[in-house]
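Dock chains B, C and D against the given chain A, drawing on the hints supplied.
4 protein chains.
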Amino acid sequence: MTLQRRHDPESRGFASDNYAGVHPEILDAIALANGGHQISYGEDAYTEHLQEVFRRHFGEQATAYPVFNGTGANVVGLQAMTERWDAVICAESAHINVDECGAPEKVAGIKLLTLPAPDGKLTPELIARHAWGWGDEHRAQPRVVSITQTTELGTCYSPQEIAAICEQAHRHGMKVHLDGARLANAAATLGVPLREFTTDAGVDVLSFGGTKNGMLLGEAVVVLDPGAVRGVQFLRKAAMQLASKMRFLSVQFEALLGGDLWLRNAAHANAMARRLADEVRGLPGLQITQEVQANAVFAVLPKDVTERLQKRFRFYTWNEHTGEVRWMTAFDTTEADIDAFGAAVAEELRES
Amino acid sequence: MTLQRRHDPESRGFASDNYAGVHPEILDAIALANGGHQISYGEDAYTEHLQEVFRRHFGEQATAYPVFNGTGANVVGLQAMTERWDAVICAESAHINVDECGAPEKVAGIKLLTLPAPDGKLTPELIARHAWGWGDEHRAQPRVVSITQTTELGTCYSPQEIAAICEQAHRHGMKVHLDGARLANAAATLGVPLREFTTDAGVDVLSFGGTKNGMLLGEAVVVLDPGAVRGVQFLRKAAMQLASKMRFLSVQFEALLGGDLWLRNAAHANAMARRLADEVRGLPGLQITQEVQANAVFAVLPKDVTERLQKRFRFYTWNEHTGEVRWMTAFDTTEADIDAFGAAVAEELRES
Amino acid sequence: MTLQRRHDPESRGFASDNYAGVHPEILDAIALANGGHQISYGEDAYTEHLQEVFRRHFGEQATAYPVFNGTGANVVGLQAMTERWDAVICAESAHINVDECGAPEKVAGIKLLTLPAPDGKLTPELIARHAWGWGDEHRAQPRVVSITQTTELGTCYSPQEIAAICEQAHRHGMKVHLDGARLANAAATLGVPLREFTTDAGVDVLSFGGTKNGMLLGEAVVVLDPGAVRGVQFLRKAAMQLASKMRFLSVQFEALLGGDLWLRNAAHANAMARRLADEVRGLPGLQITQEVQANAVFAVLPKDVTERLQKRFRFYTWNEHTGEVRWMTAFDTTEADIDAFGAAVAEELRES
Amino acid sequence: MTLQRRHDPESRGFASDNYAGVHPEILDAIALANGGHQISYGEDAYTEHLQEVFRRHFGEQATAYPVFNGTGANVVGLQAMTERWDAVICAESAHINVDECGAPEKVAGIKLLTLPAPDGKLTPELIARHAWGWGDEHRAQPRVVSITQTTELGTCYSPQEIAAICEQAHRHGMKVHLDGARLANAAATLGVPLREFTTDAGVDVLSFGGTKNGMLLGEAVVVLDPGAVRGVQFLRKAAMQLASKMRFLSVQFEALLGGDLWLRNAAHANAMARRLADEVRGLPGLQITQEVQANAVFAVLPKDVTERLQKRFRFYTWNEHTGEVRWMTAFDTTEADIDAFGAAVAEELRES
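Chains as they are written, first to last, in my numbering: chain A, 781 to 1132; chain B, 781 to 1132; chain C, 781 to 1132; chain D, 781 to 1132.
A few of these clues could be false.
[Stated by the list, open to error] With the C-beta cut set under 8 Å, the calculated list includes, among others, these residues of chain D facing chain C:
no.	residue
1	S796
2	A800
3	G882
4	L996
5	S1024
6	K1025
7	G1038
[What the hints assert, rightly or not] Derived list of chain C stretches under chain A, where covered just means 3 residues or more per stretch with a C-beta under 8 Å from a C-beta of chain A:
no.	region
8	908-920
9	924-930
Think of the hints as simulated: they come from the structure by calculation, not from any bench.
Just so it is clear, the structure is predicted and the values come from calculations on it, not from any experiment.
Yeah, the Cβ is synthetic: ideal placement off N, Cα and C, and Gly gets one too.
Chain A on its own, in the form it takes in the complex (with noise of 0.2 Å):
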């Protein structure tokens, strides 16, 4: 049997960051670490390096667990924070609400206390809408933020917002974890270290995204605080996110950040999105609805444009009552891709 293509490896489109394949330099990676015999479940020489590998990005005290996927080291994460018996206060428009079928609940236990957030950023002020209650036993008990960087709505926080975030809830006892399943892009729009938005301004535990930013698959969690959490061994295994042949994902961590791939990647993506915006912005008939700080463009525009540009691009409609779209950039989107879907707008708008 000569196994086939089944698609055409030049086709791209703006659905989402997740379907596109893996960068070139993380498959010679996992290239490299094949042949040979290696201890399993993380005993082996590229998980040991690997440390190092994030402690240079996030600080003396960090470590990482690499797992198979975003769920899973939110998921993780979040159990290590907290007692059976907490809550963790998030965004309504956070992944661990809305796309995770219920996991932090269903496999957790853990309770989710959700906060309007139209630009998907917490704030203190929000926050403080949850934080109480702390001793009263018919309450589950705060004891986690989680916030999301860049955020679902491809929104940015800077490091003095996350800072003021961690500084209220260190004041009340509460942890924060922080979704970075596009941790990168905020770097590469903020022009910081990591370290700078997470480690510095107080995140406790964050997940650090690998999929969307060109590996196979691989997200970790990675303790910044290691008086955070208790367990996270025992529970990335009894979540069933250890892997056997971890060397495979640890290596496209190190291909990832060793060097600058990761930051080359994110910000591709958001220079992307950036021109994406720039080429679409003032037509009229459509008005972006967020600021484009990381590698998506949000956009209201009629809904009869909206079918004829799906006839020819993949996305999705974000809101279906306001008409809301999303366009996400990938770190293989070219400019082609995007002047070809600039035009594309500008043309079905114009004959609408």
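Just chains B, C and D now, kept in the frame of chain A:
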């Protein structure tokens, strides 16, 4: 940065088939599926085609749900087969009981009713000890019998043995789950198609193991009887086992199962175990303790011999009390590996 | 040892209907059921008869499962109505969301989809915000709408309002759960039989509250549509809500529901709340904030007045920010209690 | 409506101590605590005083948390002693393993590591079989040893036996939980204070059983070592075991434990079992199978005898295969009950 190799690609041991890497044909398949955009979470062209591949092996009713690892496959499958108040009957030595950090209990709330099985195999007589009490609300309801093929002890059920278990289970309204982390090894040993001891024997749901069979990572929940499960796709997601870039799991399975790679790999690993058994059987002071029907040799030998051997080759002591050891072979074990190891065993025994 | 009374049996406050004791007729019933042996766990003569009692109120298909407390009733009922991957839509103010320490999430893995409802009542329009996404595995599946009657805010749905919610839910394949911790108060307010706003309105499962209605303890999961649930008796046991000496729960329900004690108690408590509302309504500086349709009065008054009143009578501040307080009456509240309290409110307001 | 008695208050059997009703002194206590308002959820005068009562029996560090039933007490206690990834070692015959519909697994995610114990009693030698593997993330971590006193088989640990188990457990960093559903029966048998085989022997947490000891309902999680638990009050609430009208649980415990009612009831039940054993021991065809150290007699007798006896008296067959039966006595069993039953046993055996 140039990534460096951190291990010897020519060094192999006998500790676990998880210590092996990725078969080159699998890596090629991953590369083939790369490039361009594909819908994430399983709506890609490779996953679509995958159903056909699995149906060729398991029958027209089979549906495969790729997941990340064996624990994930088992827990998703068992959840789909059980109500919240059910129990699962298994051998004490079952992976779900021994090696999953309590994931069946902790993620799925499943009570395990365990049975002593010195050769790792359940029998209708053993199962009968727990097969009672339906309708009694004080007792978690026995709803599933879970067996492992080949077993954790390197033994293999015959198709008739599995059929007898299925017949008994179904008669009581129970279903049969099969942990097939090494299902390919069983087909190689038995010399029959996969369906002969699964679908045709009455198994309802199985976990198909790709990782130990040469994949980078990937297992599949394979539903053989659609009436035996509910909500697999939701349970997979909520159990954090849904890959975003699913095409890269699916194409590995296609590379494995589309042709005969699965069988070549398993047959080779099995042959290497038999070769090792043949070489050491009859050596004074060494006793092989289980039938060698897959890719493992279990043996008792003097502890000082084990200690000296473990300084030269990597393998695990299985039972500290009896001095039993486990030697595993993999798809990449060579005859030279076996001969060198066999010679070392003989040599160290002579010096004992 | 002679046991001593440690409290004043004539002192009553306005904090909660849970602060009241047991109605004397209930104590008599417990004594009546005492003596001799009766099969435990619900196969006694009182529990057997109980089904007839509940069916008289809720229709021929109703089945009642006595449990210990309201949280237990809600969580058992909701589990019986949901798959492992489902979600429940409820008001932000719902007891299941606010006052159960996360039991629905932690015991049952249920995701709650909450809605703001200033008067505690859901509407089809509100529900519509969460009633979407069936079939999408990334979203916990909205399967149940849970409403509270009378609500946590002392308001009462009309039979028509409940019927409209049920109609909408059923149209979408969802079921309706009703937390009836104060169901009797609703019947008293509406002046209709219990079934008119439950069974006949389309409710599938409800929690019937005995404790606040004058029992020592006891609630019941009442299944109105047998097709809406699975495994209630197993779930009750596994949720640790199955009483061994069940006859003493069942006979209390019989004392309550066999005659009109349930209605007398509820009507009296409601009347006392209305009497209080009538006495304080219009007092300068005091604003009643919710319709008084059950046994609670919600009001805003100056904080210094509240503080002085709380030194004289026990009641809770409901909202620290707005100064809203909650005054609850019980089956044993007397007109004299109300008049004394009403006078005190007026007096303290005058001194403000 | 006048409530009617539906059972014969003079009829008693030998099926279970749960079939008995409420001791009259307990009913009096409930009546005493009635009337007026008391703060709910445990801040009442009776619950406050209760700590003193329990401390007199269990030492100055003891804290009691009343709950509804034995499963609730066990699951709340075990949760408070374990991390999410822990396991509990117990006898196969333990109530937590056999009779709780999987509540430890399903509510708390606890993996049970069971051991065969023909007399219901664990020993350090048995425990050693599971006492290993700490630090290995693949294994649910053995953290608690749970024993039952008196056991489910009517046998009784000596203080020394319990001390030896505690010593072993603590040496390994494990804690000891004691299911004391019949703890009073043990004290009566041993003739020593309760603390001598609990607190003083090294037990960390126990479930104290009130229901079988004559209460209407009520058990207590009693924490003997405050350092062995976390979050009991939250876990009790989230496990749906927090009574609103708590005073009525607490006053029952006070009636039981404030004087000697607990001991009178248990000693009487024990004496009745011994009387029965004495009457039937040596009858041809009947074999007593367990030491009679509490309120149960286990015996093997011909199946036709059992069948005829069960038409005249209610009791359970314990083991269908061996024909073993269980005869239980209660606080209200009379000498006449025993003599009538003993005579019947003799009579039916003669006719066999």
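| query | Which of the numbered hints are not met once you compare them with the structure shown? | reply | Number 9 - this is the single hint that the structure violates.
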